[in-house]
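*Asks:* Fit chain B to the known structure of chain A by using the hints.
Line order of the protein sequences matches chains A and B. Positions in the first sequence are counted from 1; adding 16 to them yields our numbering. Positions in the second sequence are counted from 1; adding 16 to them yields our numbering.
Warning: the hint list may mix true and false statements.
For chains that are exact copies, the list does not tell them apart, and a pair is met inside one copy or across any two.
[As the list claims (entries may be wrong)] Once the Cα atoms are required to be at most 25 Å apart in a straight line, the calculated BS3-like pairs of lysine-lysine come out as:
1. Lys109 x Lys23
2. Lys93 x Lys41
3. Lys403 x Lys204
4. Lys41 x Lys109
5. Lys93 x Lys109
6. Lys48 x Lys180
It should be emphasised that the hints constitute simulated quantities derived from the structure, not laboratory data. In this text, all values refer to a predicted model and were calculated from it rather than measured experimentally.
There are 2 protein chains.
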Amino acid sequence: MSVRLAKRTQGISPFYVMELLRRAKQLEAQGKDVIHMEIGEPDFATPQTIVEAGIRQLKTGEVKYTPAAGLPELREKIAEFYQTRYSVMVDKKRIFVTPGASGAFLLALGASLNPAEELLMADPCYPCNSNFVKLFDGKARTVPVDATSRYQLTAARIKQHWTKATKGALIASPSNPTGTVIASDQLKQAIHTVNELGGCFYSDEIYHGLVYGENATTALAFSDNVFVINSFSKYFGMTGWRVGWLIVPEEFIDATEKLAQNIFIATATHSQYAALAAFDEDTLAELERRRTEFEARRDFLYEALLRLGFEIPIKPDGAFYIYANCSKFTADSYQFALDLLEAEGVAITPGKDFGTNEANHYIRFAYTTSIDRMAIAMQRLEKFINKG
Amino acid sequence: MSVRLAKRTQGISPFYVMELLRRAKQLEAQGKDVIHMEIGEPDFATPQTIVEAGIRQLKTGEVKYTPAAGLPELREKIAEFYQTRYSVMVDKKRIFVTPGASGAFLLALGASLNPAEELLMADPCYPCNSNFVKLFDGKARTVPVDATSRYQLTAARIKQHWTKATKGALIASPSNPTGTVIASDQLKQAIHTVNELGGCFYSDEIYHGLVYGENATTALAFSDNVFVINSFSKYFGMTGWRVGWLIVPEEFIDATEKLAQNIFIATATHSQYAALAAFDEDTLAELERRRTEFEARRDFLYEALLRLGFEIPIKPDGAFYIYANCSKFTADSYQFALDLLEAEGVAITPGKDFGTNEANHYIRFAYTTSIDRMAIAMQRLEKFINKG
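This is chain A alone, in the form it adopts within the complex (with noise of 0.2 Å):
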């Protein structure tokens, strides 16, 4: 390695999944049918409305900065939506929109993590989660987490793991890979103890809205000492676009507003006036029909990879993943994943994307595509498990 590479980038690892990407689309140009359920993105458009509020703004010609932290009007809509839909109160001087969820960890973590101070994280979780922390030359500690803790931390476990060193705890639920949701109660009591213990608690909540039973709760019915962070990408289907946004807590409200300044400038315009479509009762309506969508989806692909003889030890509630135990078929998800692709063309998601534990007893499906289509790859799937 080059001397002059930053020593995190070492930390940093690739996506084992690009590698299946990159094979994918070698035999899709070879006129192979690939049936993609690795991707995390959903196969829906962006809503016409939200599409229409674009293309209005764009007509204008007016696409300057806005201020950094967001359009005052999208940051008071999103307040109104916490309002609308959990009952929370939240002061638009907490709220800062940025360029995804992305830039929404940028400035979290920008903002309260120092280097060599740690962030406990269940594994598995989103890589990109620990990469942030790496990022800020921090440590991610990634607690393993199994089925009777719905794959997502708990209290005991962040009083166990607590040490000088431990700058926080994170949580993200509904959960990518496992897609399970936290237990209301669970949740609250994971940040009592954060806060408890004098740091600071980070809630992905990407995922909310894309849940099929009860609604999940958000970390702000708990508590305002938390940074909340979210984004337009999966349930607003906006993922292109690259608008989320951020919520700290109050003492960190000067110094987030320093970093979006220095960090973006800002959210890019067009972005932001479209995202405000995305409270819009016609938008939500469309969305309300997509998450009935993907509910189906979810039963579909269940029931059908219990038939086949996966492991699922939790039924998952939310976003749009299924996390396999495949152990009966394979001691190696990875090498699994390869060999499904290169003889049926059915891209999945090995489990070391994830982290360690057990990594590679699992695989990752998105369902982001039509039920059609994945009857078909499971069909594939069960031709590749008996000859297998």
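*Replies:* Here is chain B on its own, set in the frame of chain A:
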């Protein structure tokens, strides 16, 4: 200060001009006319060809994630631009599309700068540049510069200030706030010196294109072993779209790609499609008309300020700024700016936003407004000075 705030946030100062902006808005709300000469954003709207390309993309409804490094066709077009404009060949693998120059700085420094390492840069310089260094817990080692080196670093200064802690040097040309372009030979020698010392060279070229004499030379003309930061914001008139680019030395390609995947996922899709039209013949013709207009404004403002008694030791040849010595009128340029705004409704940026090197003697005028408006501003300024 809260003990939970990251220490780096202390080192990052807010922009003093924000205070002026806040006051300017209050005055405008009271019905007072304020002439804005503090803003680093062109008054021109985005060229129509670019806006239309953005609208076309939105109408497809497919605003999905692009690859982390950017749309392949946009990277290709950027590579072509280096060939046609600078006669320089750049491997498109080295080109990363980013959310503005801000995103380019994040990647470049994230991939190369370790905590406690130092970066040499001129004082005065754009404050975000040193703040990016602080974001990664590095140190911005500013070197006082003056008109004798066109307010730019020289090879001699770099050698003189180089220590074991130095990671590299940053040169921004045309410079913000001074508007000066580095002499071609001076740039070449600076790059060779940094290369010989085994450091990293960062060339901030975001005002390229806005040059009113001989074309500015890109650092890539002298070495492939450089980071080049550029943007569609200034010359191409795409501020609010948040799209720029970064070119890295070959050995940094993999690390930069990993960081891009984790830090942004990707740059806004519709902004990238819009930027595809930035290199069209029609667009470039329109940009050339604007460049000529900026040149006329520069000439007008330069003459007017000299006539009023401001000292401008070197006529700026790029960007849209004039950095003027106001020590004939005040020993505190920040107070001068506040008083001028209050008395006459003219907003300018105090020198202390750009460093400490004689900062109290300087103010920055941005000619991002029309000659007609600037003419009124000069009348008001004259009145203010004569009263004072």
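*Asks:* Decide, hint by hint, whether the structure agrees.
*Replies:* Here's how the hints hold up against the structure:
no. : hint            : verdict
1   : Lys109 x Lys23  : between (36 Å within a copy, 22 Å between copies)
2   : Lys93 x Lys41   : between (40 Å within a copy, 23 Å between copies)
3   : Lys403 x Lys204 : neither (47 Å within a copy, 63 Å between copies)
4   : Lys41 x Lys109  : between (45 Å within a copy, 18 Å between copies)
5   : Lys93 x Lys109  : within (12 Å within a copy, 41 Å between copies)
6   : Lys48 x Lys180  : neither (54 Å within a copy, 55 Å between copies)
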